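**Q** This is what each chain is made of:
Number of protein chains: 2
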Amino acid sequence: MPKAVAGPEIERLIQLLAKLPGLGPRSARRAALHLIKKREQLMTPLTEALGTARDRITVCGICGNIDSQNPCTVCTDPKRDSSVIVVVADVADLWALERANAVNARYHVLGGTLSPLDGIGPQDLSIDALVSRAHEPAVKEVILALNATVDGQTTAHYITDLLHNANVTVTRLAHGVPVGGELDYLDEGTLSAAIRQRTPI
Amino acid sequence: MPKAVAGPEIERLIQLLAKLPGLGPRSARRAALHLIKKREQLMTPLTEALGTARDRITVCGICGNIDSQNPCTVCTDPKRDSSVIVVVADVADLWALERANAVNARYHVLGGTLSPLDGIGPQDLSIDALVSRAHEPAVKEVILALNATVDGQTTAHYITDLLHNANVTVTRLAHGVPVGGELDYLDEGTLSAAIRQRTPI
Ligand SMILES: [Zn+2]
Ligand SMILES: [Zn+2]
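Protein sequences appear in the order of chains A and B.
Okay, so the first sequence: first residue is 1 according to UniProt numbering, each after it adds one.
Okay, so the second sequence: first residue is 1 according to UniProt numbering, each after it adds one.
The reader is advised that the hints may include incorrect statements.
Given that identical chains are not distinguished, each listed pair holds provided it fits within a single copy or across any two copies.
Said to hold, decoys possible - Pairs of lysine-lysine residues, derived as PhoX-like cross-links and limited to a Cα-Cα distance of at most 25 Å, are as follows:
#: 1; residue 1: Lys37; residue 2: Lys19
#: 2; residue 1: Lys38; residue 2: Lys79
#: 3; residue 1: Lys79; residue 2: Lys140
#: 4; residue 1: Lys19; residue 2: Lys38
#: 5; residue 1: Lys140; residue 2: Lys38
Calculated from the structure, these hints are not laboratory results.
All figures in this text were calculated on a predicted structure; none of them were measured in a lab.
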């Protein structure tokens with residue numbers, strides 16, 4: 001812990017900012033200073049936006065998306081193809097696919113991928129709920145939009161086996177996804193192509 | 001503006017986070033998601049810390065430091081050598097010198113450097129107040145801890161001229177500071193050495 005120069009309030013703010021992904025201790029200090037200098041233009045609005053988000057953001061009971069309404073905006077959108085469920089590991093992946101305008105369907109957020117080394121098993125993910133949704137008569141296709149990593153592909157195979165008795169086509173993203181790559185870092189064109197060229201498993 | 005997927009509250013939060021130095025639009029989304037997932041451990045404390053900082057942080061009327069008290073912690077510390085004033089362009093530089101434990105004196109924050117190209121003249125900086133402080137009988141030395149850039153050195157020469165009639169020794173940081181470098185990015189050893197080897201102008 002460096003020497004405190006500016007009182008405990010600022011040190012506390014710096015410590016908390018440093019916990020954000022992408023900000024280390026030094027950039028957290030710069031961010032804190034920037035906030036203090038832009039008190040009216042940035043610090044006050046950010047404080048209010050955080051408070052509003054904290055009070056209103058919830059997890060969608062259907063798909064696991066994060067939104068201020070439950071069911072979420074995606075699940076209640078009547079213009080989406082409700083016969084297709086896109087399975088993602090994380091909300092960040094859902095956001096990435098939406099930014100790419102890659103698909104206009106429903107989602108299902110697993111909350112991670114199977115990872116024996118990290119002790120993450122099927123009971124830690126939202127897999128039962130997915131199987132249940134896949135058995136609804138309206139659902140015709142489940143797209144497994146998972147990372148092209150060992151854990152992602154292990155999870156894809158596990159889910160494919162579970163959906164064997166459901167009346168759905170199970171597809172995965174095309175091999176446009178770089179091996180070892182993570183969805184959230186891909187450009188939008190690659191994501192769109194990977195959705196278009198999805199192949200049956 | 002990418003397609004909104006998660007309601008206006010989250011989009012607003014992402015927009016504001018993206019204005020922090022060090023966070024772009026993509027890392028702001030990751031930061032927002034991290035905050036939402038860590039609602040109790042991080043989002044609530046950060047909201048409160050921002051609110052507290054916003055309400056309590058002020059600018060020191062003597063030196064220009066940012067603190068929750070005025071005069072600031074540095075100016076009211078009886079253990080500091082009040083015969084030495086370290087002149088810095090920005091509060092970030094003050095913090096950097098303090099982190100390095102480079103000097104145990106008072107500071108004076110100019111609020112920038114002279115920059116004819118950017119239209120920043122003496123009237124835009126806290127220079128009159130510095131000259132006034134330098135004429136106090138207790139003050140014996142003014143250390144110009146300014147960036148080794150053209151603007152920083154122009155400012156140093158301008159201040160040196162103004163202090164000609166004051167009964168103080170004007171020094172600058174040793175040339176340990178890399179040419180073109182900015183104080184806030186230097187390691188602590190370099191900053192300490194630069195303070196130790198300061199030379200008369
Ligand atoms: Zn939903
Ligand atoms: Zn002060």
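**Q** Confirm or reject each hint.
**A** Structure-based check of all given hints:
no. : hint            : in the structure
1   : Lys37 to Lys19  : both (21 Å within a copy, 13 Å between copies)
2   : Lys38 to Lys79  : neither (41 Å within a copy, 32 Å between copies)
3   : Lys79 to Lys140 : within (17 Å within a copy, 75 Å between copies)
4   : Lys19 to Lys38  : both (21 Å within a copy, 10 Å between copies)
5   : Lys140 to Lys38 : neither (51 Å within a copy, 35 Å between copies)
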